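J.: Based on the provided sequences and hints, a complete structural model is requested.
Here the protein sequences come in this chain order: B and D.
So in this note's numbering the end of the first sequence lands on 544, straight run, no missing numbers.
So in this note's numbering the end of the second sequence lands on 1544, straight run, no missing numbers.
Because the hints were derived from the structure by calculation, they are not lab data.
All of these numbers come straight from a predicted model, not from anything done at the bench.
Heads up, the beta-carbon is just placed ideally off N, CA and C, and yes, glycines get one too.
Honestly, I wouldn't trust all of these hints.
Here are some, though not all, of the chain D residues that point toward chain B, as calculated from beta-carbon distances under 10 Å [as the list claims (entries may be wrong)]:
#1 Glu1201
#2 Ala1265
#3 Leu1527
#4 Ala1528
Which bits of chain B does chain D cover? Going by a derived footprint, with three or more residues having C-beta under 8 Å, they are [stated by the list, open to error]:
#5 33-42
#6 58-69
#7 134-140
#8 351-363
#9 379-392
#10 513-519
Protein chains: 2
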Amino acid sequence: MTAGKRAAEASLETLHRIFTIPEAPDSTLGRIEKEISENLAGFLGNHIVATEQALTDIEKDFAGAVIPEQPAFVSDHMHHLLDKLVSRSVHTSSPSFIGHMTSALPYFILPLSKLMVGLNQNLVKIETSKAFTPLERQVLGMMHRLVYSEHEDFYQNWMHSANHSLGAFCSGGTVANLTALWVARNNMLKADGDFKGVAREGLFKALKHYGYEGMAILVSERGHYSLKKSADVLGLGQESVIAIPTDDRNRIDCQKLEEKCQALAKDNIKVLSIVGVAGTTETGNIDPLSDMADIAEKYQCHFHVDAAWGGATLLSNKYRSLLDGIERADSVTIDAHKQMYVPMGAGLVVFKNPSSVAAIEHHAEYILRKGSKDLGSHTLEGSRPGMAMLVYASLHIISRPGYELLINQGIDKAKYFASLIDQHSEFELVTQPELCLLTYRYVPSQVQAFMATADVDTNQHINRLIDKLTKFIQKSQREAGKSFVSRTRIEVQKYGGVKVLVFRVVLANPLTTNEILEDILEEQVELAQKSIQYLPELIENTSF
Amino acid sequence: MTAGKRAAEASLETLHRIFTIPEAPDSTLGRIEKEISENLAGFLGNHIVATEQALTDIEKDFAGAVIPEQPAFVSDHMHHLLDKLVSRSVHTSSPSFIGHMTSALPYFILPLSKLMVGLNQNLVKIETSKAFTPLERQVLGMMHRLVYSEHEDFYQNWMHSANHSLGAFCSGGTVANLTALWVARNNMLKADGDFKGVAREGLFKALKHYGYEGMAILVSERGHYSLKKSADVLGLGQESVIAIPTDDRNRIDCQKLEEKCQALAKDNIKVLSIVGVAGTTETGNIDPLSDMADIAEKYQCHFHVDAAWGGATLLSNKYRSLLDGIERADSVTIDAHKQMYVPMGAGLVVFKNPSSVAAIEHHAEYILRKGSKDLGSHTLEGSRPGMAMLVYASLHIISRPGYELLINQGIDKAKYFASLIDQHSEFELVTQPELCLLTYRYVPSQVQAFMATADVDTNQHINRLIDKLTKFIQKSQREAGKSFVSRTRIEVQKYGGVKVLVFRVVLANPLTTNEILEDILEEQVELAQKSIQYLPELIENTSF
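T.: Structure (C-alpha cells):
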C-alpha cells in the first residue's frame, strides 16, 4: 500500500474512533494495561532488560526527524514501545536500585494518575479546575502547617483567600527554589517612592534605586545546582551564589557564613537570601537551620530552606527535630515526588507570610482577574495538571503516622547499611547517614592501613587510584543490571579536603531489604576483584 | 477505636502492602479504573455534576490544614474523591464545553499515561531515563523539523549531540517562553572581554558593560501574559514588554513595531526580542511573521514566536502557510497539551540554532557532567516526567495526516460556526476565525440597527449595557452546566477601539458537532430572553 493510500485511510471517522473507542481488554494495549494494574513490579521486571546497552545503540532507534506520514496501529506501536523504549528504560522502582531519589510507588497511585489524566484539569484557573483549586490550596495549607505549625485561625483566614497564598505547587524542586528566590527578590526590591519595584522596572533600575553594588545568595558548598540556575534566570548571575564551606558533617559553617555577610555588607553587596539545605542531594545532611535563621534576621535578608529531599522528614515525630529552625524560614521547598512517594512532577514551595506572593502577582483579561482565586496568578508556571490530587490522596491514605514509618525505616536502614560498611574490612564509610543517604567506597584493608600513616601528597595520589576503581565498580555494577548505586565527588576532611569519588546510596524504597544491601556489597567486592587493571595498580602503590 | 490505636495499625507490614499489592478488580478502585478504561466519557458524564456549585461551598470540604493522623482505607478515600472532588471538577473534554483550550483525548493516552507513571522515569539525566532521553531528543527533532525543515544531515549531526540541543521539553508554554527569552538574554549579553556574561555576572553588570539603558521585548497587545511574567522573572521588568497595537485582524502593526524599534534605539534601549504570536489566546490570529523577521533582522534582535496554540497548525499542509515566516524565528514555543491532544503538562520550545542553548548550560558533580547527554543541562526544570513519550506515541499513531485532519476540521468547524453567527439576526461576530477560535456576542437585531447609525459616545454606553448582558448569558450558561463558552474583553475597531466583553470559543474538540453549536446559540438566545434585568434595559436604551 502506498503512503498516500494509507494516509487517506486516516479519515475523520477513523480519528473520531481514536477519541471515543476504548481499548478492548484483549487488545495489546488492554493486555499491557491489565498487566501493569495487576502486577506492576512483575511487568517492569519482565520488560525492562537488565543488562546495559550503549546509548549510541539506542539512539539509532530514535534517529529520524520526520514526523510519520502513515498512522501506526495502536497495537503495533505498543509493541514498538515495549521493544525499543520500555525495555531500555531504567527500573527506578527496583528495590536494588538504591542510587536514585526514586522508589516504588504505592499501588493506588497508578489508577489515581489515570483518573487525573482522564479528568485533564488545568489548575491555572478555577474555570478549568473547579474543586481542584481548593484541593490544591488545602494541600499547600497542610504542608505549610507541617513546616510552620500556625494556629487553626491562620489557616481559616488565609488558605482560601483570593489575595493570599500559602505556597505554590509546581513541577519540581528547581521551579520551587526559583519561585522562592523570585518572591524574595521582588519583596526586597519592592516599590519605593518613585521606583515602581523590580517586578515592573527590572533589576538594573532596582539596584540603582537602592544603591546596591550587587546581590548575593549564600548557601553551603553542598547547595543544589538549581540555586545557581535560579540566580542566572533571575538576572542576579551565577556568581551571586556564594558557596560557604561546610564542617566535617557537610553542614554550613555558620561562622564563615556570618563573616561573609559582614564582608559583603562592607562591599555594599546586599544579601538577598541565605539558603539552608535540609537534606543535601549528595549526603543527606541538614544545615543548622536555627543558627542560620539568627544570621538571616541579623542581616535582614530572606531565609529560604531547600528541603526538597529532607522536608518529608517533618512527617516523622521521631526525626523532625533534625530540621529545627525550619519554622523560621521565609520559604521552604519540598518535593512530593521524592520522599512523599508520588510520581515525578510534584514539587512545592510554602511561604511563612501568606502575603509575600503578592510580589509576583499577575493578571490577564481572560483569566486571573483581580480578586479571583485562580491559582495561576501566583505561580511561575501557567497551565498545570492536577498533581496535587496525588499528594492529597497520599496524605489521607498513608497518613502522617504512615509517612513516619516510611521515613523512619529509611533512616534505620541507612544506619544498618552504614554499620555493615563500617564492619566490612574492605569498605570505607565516607559520610554517616543523618537522613537515609550515605556515601562510601571500596578500599582494601591493606590500602586503608597504608593511608592511615601516609602523608597528604601520597594519599592524594592513592585517592586518584581509588577513584578509578570506584568508577569501574560503579559502572560495572550498573551495567550488570542487578543493582545500582550512584556516584558523586565530595571533599573528605581526613584527606585534607581533597575531593574523592564515592558511591552514593539513597535508602527511601521501603522494599529494599537488608539482604539486598548485603548482596550489593558482595557484588562490589567481586567486581573489584575482577578489575584486572585498577585494583592491582592500587595494591602495588600501597605495598609497604 | 482511638486515633492512637488506628495509627499503630499502620505497621510497616501494612505499608509494604501499599507498595506491592495491586487493587483487586472488584475493589472500589478497581471498579473505577475499569469504568475509566472502558468508557471514560461515560464515567465523566456520570460523575461530574453538571450544575454549578459555589466555590465557597466546595471550600468547606477542603478546609482543614491538619495532615490526617489516621490512615484512610483506599476504597473509602476513593468514594470521598468521587463525591467531593470529581463530582465538582470541570468536564474539560465535553464536546459542548468549547470555551477552553482542552479537548477529548485519544483513548490510547490513558493507558500510556499509566505506563509513564509506572515507569516513573526522571528525564533530568540518562541514569534515570535511559532510552527516554533519545526519545525526547527525537521528539524535539521532529518538532524542530516541523518548524524549520532543515536537511536530514542537520538532524543526524545535532539531534543526539551532547553539547547541542534542538529545544527543551517542559511543563508548558509559560516555561517554554521563559526558556526562550532566557536563552535570548544570555546570548545577547554574552561574555565579552573582561565581562564574563550575564549568566555569571548578572544583569546589572551586563547592562553597564554593554552600555545599554535598558532592554525591551516587543509583542502585539494580544501577546500572552506569560511574556510579562518572564520579563519579571528574568530581571528585565514587566515594563520592558512593550505592547504594539494590532490591526483589525488582531495582528501586530509592523509599521508601529518598526517605529518603536527606532525610538528605543534612540533612547539606547536594546531590543532583546521581538515576539510574534501564532495563534493569540483570545482570538487565534497569527502575526505577519515574515515581516516581523525582517524587522528583527534589521534591529539584530532575537525573534521568538509564541506558537503555543497555533504551532500544531504546521501539521496541516493545507493551513501551514498561515504561519509563513516561522522558519525564520530563533525560537518557537509549542504546547503539545493544546492542539496536539496530549494531557496537561507538555510544552516545548525549539531553537533554530542547536548551539544557542549553550548560553544556559549548567553542570553539577553528580549529574549533568560535561560531555554527558543529560537533558537537564539545558532545561529550566530539573526532575521531569517522561511526558515526551505521549507526544512520541501520538505523532506515530495519529501521524501527520491524522493531525492535519484534526486541525482542518477545527478550522472548518469554526468557519461554520462563524457563518451560523453571521446569519443569525441576534448575534454579532466580533472576530472572524483564522484558526479554530472566534469571538462573538449576543446583540438583538434592533440594537444592531441602532448602533449602526449611533455616534461613538452613544455606542460606548450601549456597549457597557451589552457587556452586562454578555456576562449574564455566559455565567448562566456555565452554571446551567450543559455547555460552556468562555469570555474575554477585547478592543473592537468598529466601535473606536473600545474594549467589549465577548464570548470566546475554541473548536479543537473533534467530538463537537454542528448540532452542539446550534444548540449553544439557541440556549444563549433563551438565556438572553430570561434576563429580566439586562435585556429590557438594553432594548429601552436603543429604542428609536
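J.: None of the hints should be skipped; say for each whether it holds.
T.: Here is how each hint holds up against the structure:
no., hint, verdict
1, Glu1201, "holds, 5 Å"
2, Ala1265, "violated, 18 Å"
3, Leu1527, "violated, 18 Å"
4, Ala1528, "violated, 21 Å"
5, 33-42, "holds (count 7)"
6, 58-69, "holds (count 11)"
7, 134-140, "holds (count 4)"
8, 351-363, "holds (count 3)"
9, 379-392, "holds (count 8)"
10, 513-519, "violated (count 0)"
Hint check: violations occur at hints 2, 3, 4 and 10; the rest are consistent with the structure.
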